[in-house]
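Guided by the hints, dock chain Y onto chain U, whose structure is given.
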Amino acid sequence: QQQVRQSPQSLTVWEGETAILNCSYENSAFDYFPWYQQFPGEGPALLIAIRSVSDKKEDGGFTIFFNKREKNLSLHIKDSQPGDSATYFCAASASSGSWQLIFGSGTQLTVMP
Amino acid sequence: AQTIHQWPVAEIKAVGSPLSLGCTIKGKSSPNLYWYWQATGGTLQQLFYSITVGQVESVVQLNLSASRPKDDQFILSTEKLLLSHSGFYLCAWSLRGAGNTLYFGEGSRLIVV
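Respectively, the protein sequence lines represent chains U and Y. Residue numbers in the first sequence follow the numbering used here, run continuously in steps of one, and reach 113 at the last position. Residue numbers in the second sequence follow the numbering used here, run continuously in steps of one, and reach 1113 at the last position.
So that you can see chain U by itself, here it is in the shape it has in the complex (with noise of 0.2 Å):
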């Protein structure tokens, strides 16, 4: 049973444009959900995060819009770069006793010049 779900599996976007990266999830007791960011052959980078008493969390130009009624989250990259192109991950935990952090499959972000 897959927790945390991602779409697209993969997106391509211009130069410039917003990406926009989606992720729902199942456990209604998750409360934590970080974004990484994944370069080949690198270990995950932590991009941005939230917590569930939010439903925005913005830095620099990473946005996550978050629905806890729709258990599901976002991640805008605004003004796509394409040193931005790698694989992002959604994961989501919850903070009352577990260890585990759940990730979703990723999705594959290109951006062309």
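Keep in mind the hints are simulated off the structure, nothing from the lab. C-beta: ideal position from N, C-alpha, C; glycine also. Wrong hints could be hidden among the right ones.
A short, non-exhaustive set of chain U residues, derived as facing chain Y with CB atoms under 10 Å [as the list claims (entries may be wrong)]: (1) 7; (2) 28; (3) 32; (4) 36; (5) 38; (6) 44; (7) 74; (8) 93; (9) 99; (10) 103; (11) 105; (12) 108.
What follows is a list of derived Cβ distance ranges for each label pair [unchecked claim]: (13) 1005/Y with 29/U: 15 to 25 Å; (14) 29/U with 1057/Y: 31 to 41 Å; (15) 61/U with 1054/Y: 35 to 45 Å; (16) 79/U with 1071/Y: 36 to 46 Å; (17) 1053/Y with 61/U: 25 to 35 Å; (18) 1096/Y with 54/U: 22 to 32 Å; (19) 1113/Y with 39/U: 23 to 33 Å; (20) 1001/Y with 51/U: 36 to 46 Å; (21) 1063/Y with 45/U: 26 to 36 Å; (22) 1009/Y with 8/U: 41 to 51 Å; (23) 39/U with 1020/Y: 21 to 31 Å; (24) 1030/Y with 9/U: 34 to 44 Å; (25) 1017/Y with 54/U: 43 to 53 Å.
Chain Y alone, transformed into the frame defined by chain U:
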């Protein structure tokens, strides 16, 4: 500043041979430690976590074992490799407690032939 170092960077091993992967965290006292596995192009699957020296919890059974011999060291091993063990192994740390951000190392690439 915290640093996380994984070794070896890459290995090619024969089926049936033993394996030992290591991870060291510097600059953070008593972190939670984690091992993840990633198939090529795939998601990250949590294998083990440890919240204190000498104590390791298994998340999935993949004929692997883990140990935490020191506060800053996490070891992943098996006595007999399978083809299915091929992939990217990632060590991560977080602050003590649940629901905290994970910070990943650069990973160890394993190819089993």
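Hint check results:
1. 7: violated, 14 Å
2. 28: Since chain Y brings no Cβ nearer than about 15 Å to residue 28/U, farther than 10 Å, the hint is violated.
3. 32: holds, 5 Å
4. 36: holds, 8 Å
5. 38: Holds. Min distance 9 Å.
6. 44: holds, 5 Å
7. 74: Cβ of residue 74/U sits 18 Å from chain Y, so the hint is violated.
8. 93: holds, 5 Å
9. 99: Status holds, d = 5 Å.
10. 103: Interface hint status for residue 103/U: holds (4 Å vs cutoff 10 Å).
11. 105: holds, 5 Å
12. 108: Holds - the Cβ of residue 108/U comes within 10 Å of chain Y, reaching about 8 Å at its closest.
13. 1005/Y with 29/U: 15 to 25 Å: Violated, since residue 1005/Y and residue 29/U (Cβ atoms, about 34 Å apart) do not stay within the stated range.
14. 29/U with 1057/Y: 31 to 41 Å: With Cβ atoms ~18 Å apart, the hint is violated.
15. 61/U with 1054/Y: 35 to 45 Å: holds, 44 Å
16. 79/U with 1071/Y: 36 to 46 Å: Holds, since residue 79/U and residue 1071/Y (Cβ atoms, about 43 Å apart) stay within the stated range.
17. 1053/Y with 61/U: 25 to 35 Å: violated, 41 Å
18. 1096/Y with 54/U: 22 to 32 Å: Taking Cβ atoms as reference, residue 1096/Y and residue 54/U lie about 24 Å apart, which means the hint holds.
19. 1113/Y with 39/U: 23 to 33 Å: At roughly 26 Å between Cβ atoms, residue 39/U and residue 1113/Y fall inside 23 to 33 Å, so the hint holds.
20. 1001/Y with 51/U: 36 to 46 Å: Check failed, 25 Å falls outside 36 to 46 Å.
21. 1063/Y with 45/U: 26 to 36 Å: holds, 30 Å
22. 1009/Y with 8/U: 41 to 51 Å: With Cβ atoms ~32 Å apart, the hint is violated.
23. 39/U with 1020/Y: 21 to 31 Å: holds, 27 Å
24. 1030/Y with 9/U: 34 to 44 Å: The hinted range 34 to 44 Å holds for residue 1030/Y and residue 9/U, with Cβ atoms some 39 Å apart.
25. 1017/Y with 54/U: 43 to 53 Å: holds, 49 Å
In the structure shown, a violation is registered for the earlier hints numbered 1, 2, 7, 13, 14, 17, 20, 22, in ascending order.
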